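Protein sequences, first through last, are from chains A and B. Sequential numbering of the first sequence, starting at 1, is according to this note's numbering. Sequential numbering of the second sequence, starting at 1001, is according to this note's numbering.
No lab work stands behind these hints: they were computed from the structure. Certain hints may be false.
What the hints assert, rightly or not - Cross-link-like lysine to aspartate or glutamate pairs, in silico, EDC-like; alpha carbons within 20 Å at most:
no. : chain 1 : residue 1 : chain 2 : residue 2
1   : A       : Lys100    : A       : Glu87
2   : A       : Lys10     : B       : Glu1032
3   : A       : Lys100    : B       : Asp1035
4   : A       : Lys361    : A       : Asp134
5   : A       : Lys181    : A       : Asp134
6   : A       : Lys10     : B       : Glu1036
7   : A       : Lys361    : A       : Glu228
8   : A       : Lys100    : A       : Asp90
9   : A       : Lys181    : A       : Asp208
Being a predicted model, the structure only gives us computed values, none of them experimental.
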Amino acid sequence: MTVLDSRPTKLVDHFALGLNAPICLTWELTYACNLACVHCLSSSGRRDPRELTTAECTAVIDEFERMQVFYVNIGGGEPTVRPDFWELLDYAIDHHVGVKFSTNGVRLDAGAARRLAATDYVDVQISVDGASADVNDAVRGDGSFGTAIRAMENLAAAGFTGFKISVVVTRQNAGQLDAFKVLADRYGAQLRLTRLRPSGRGADVWADLHPTAQQQRELYQWLVANGEGVLTGDSFFHLSGLGDPLPGLNLCGAGRVVCLIDPVGDVYACPFAIHDEFLAGNVRSPGGFQAVWRESDLFASLRRPDTGGTCSSCSMFDACRGGCMAAKFFTGLPLDGPDPECVQGYGEAALAAVAAGSAPKPTGDHSHRGPVRGQPIGPVPVTLMTRRPDRACDESPLAG
Amino acid sequence: MRRVLISQTRDTDRQSARFDPDSPYRLHRQAELRDESFGALAYHFGTRRLSFLKVPILVDVIRALGACTSVHDALDRCGVPDSQRPALLRALAGLADSQMIELREGASA
Chain A
1 MTVLDSRPTK
11 LVDHFALGLN
21 APICLTWELT
31 YACNLACVHC
41 LSSSGRRDPR
51 ELTTAECTAV
61 IDEFERMQVF
71 YVNIGGGEPT
81 VRPDFWELLD
91 YAIDHHVGVK
101 FSTNGVRLDA
111 GAARRLAATD
121 YVDVQISVDG
131 ASADVNDAVR
141 GDGSFGTAIR
151 AMENLAAAGF
161 TGFKISVVVT
171 RQNAGQLDAF
181 KVLADRYGAQ
191 LRLTRLRPSG
201 RGADVWADLH
211 PTAQQQRELY
221 QWLVANGEGV
231 LTGDSFFHLS
241 GLGDPLPGLN
251 LCGAGRVVCL
261 IDPVGDVYAC
271 PFAIHDEFLA
281 GNVRSPGGFQ
291 AVWRESDLFA
301 SLRRPDTGGT
311 CSSCSMFDAC
321 RGGCMAAKFF
331 TGLPLDGPDP
341 ECVQGYGEAA
351 LAAVAAGSAP
361 KPTGDHSHRG
371 PVRGQPIGPV
381 PVTLMTRRPD
391 RACDESPLAG
Chain B
1001 MRRVLISQTR
1011 DTDRQSARFD
1021 PDSPYRLHRQ
1031 AELRDESFGA
1041 LAYHFGTRRL
1051 SFLKVPILVD
1061 VIRALGACTS
1071 VHDALDRCGV
1081 PDSQRPALLR
1091 ALAGLADSQM
1101 IELREGASA
């Protein structure tokens, strides 16, 4: 990002008050997913029958064009399993809306890779959560590392350079940062590291998967050393108290520059906050997305200057701004207090005081109910009828 | 893939090294501006770069470029005071470097 700044007011102050349209809009196209990652922030798995239709999706894209939402981050679920995924991608490009989509790679065969390489207006982000199959598959499911690598090979072979390899940093992969960089370099890709949030199913595994305090310090040093060559989606601003600020806004953008549209059209303050508390409206309502973004009470309240609460007396407050709203909320911490991973250690102390089971649960759960590849697969009970049916219509509704 | 926005190659050659305020420029064909309270956002669809333009008169100049015979002409028409010209020219050179503005090839100066 380039900031041409000649006025005394800080750009970040303008962002805190909200923009005419979001800069970082995540649009999850479906809750359906072929995987069942243990930390899925949207608890995805099964499609929701209320998901936006193709016509509703193109209407949302029309609105993005009118509002000059220059690009959207499309995710899911696994967005490419929507039958109209490629159609929607074309529609967005044709309507001046750039797309970066996140995928586990399941549909990125050689043909899809060639198609994607033919345009600058689409960027692709392949998710892996380990630099080796054992570390990755433990979180994302058996075979998922192989799927992702095959997709990377296809993109590289098609000449698509600069695609993103997106990693959620966990206690298990925090020691593989250099290996991730090697992986990205091998395919001419760019590494993107993001923070594990206790959102969706992530709430169930956060305590075991989130990096230790020592790993957080090493991660911070690694990010400083690698500078802007590694993307972070500004997700580690809670670590800025460890030294110089990291590249990026270092601000919680929820409802200010960031928002989420979920598969049924609900608009949330951020992708990590799928809970009624952070639900601003729905794109199907009169006025559409624009009315939600510009007029919702929730977003108006998020754009009011915050007092900083108990963090405001901390010497680090200007650096971390109290950290991540979603991380606090889903660990049961007050929103005006420290982040659970506060570098000063205040978060750990606050977490100790949270009563077990009292943290809010995410709204909605689309997790697979049955077995999924890589997950324990139990026998499916089937009972065969051994006697003759009493009436013919028990077998066929068309029988007399 | 059907494409309305015909893209250039990813490693588009950079004209910026030769930013020449005596030549005619315009907002890059792959870039757009969006007004914001602080000025405007500029986005380039090909490089996927976002720039925050915090100086309203700079936004005016960029919008005027396409109809002006040179960058200097645009600065004149927008009434940029002499004291601000060096800063604006540096900013415009930076925008040329990141391909937010481009030389109008073939236009008469």
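Here is what the structure says about each hint:
1. Using a Cα cut-off of 20 Å, the hinted pair Lys100(A) and Glu87(A) holds, with the two alpha carbons roughly 15 Å apart.
2. Our distance criterion of 20 Å between C-alpha atoms is broken by Lys10(A) and Glu1032(B), whose separation comes to about 23 Å.
3. Proposed proximity of Lys100(A) and Asp1035(B) is contradicted: the alpha carbons are some 23 Å apart, above 20 Å.
4. Taken as a hint, the Lys361(A) and Asp134(A) pair is broken in the structure, with Cα atoms around 30 Å apart against an allowance of 20 Å.
5. With a C-alpha separation of about 18 Å, the suggested pair Lys181(A) and Asp134(A) falls inside the 20 Å cut-off, and the hint holds.
6. In summary, the hint linking Lys10(A) to Glu1036(B) is supported, as the alpha carbons are separated by about 14 Å, within the 20 Å threshold.
7. For a cut-off of 20 Å, the pair hint linking Lys361(A) to Glu228(A) is broken: about 35 Å separates their Cα positions.
8. Straight-line distance between C-alpha atoms of Lys100(A) and Asp90(A) comes to about 13 Å, which keeps the hinted pair within the 20 Å bound.
9. Between the alpha carbons of Lys181(A) and Asp208(A) the distance comes to roughly 24 Å, so the proposed pair goes past 20 Å and is violated.
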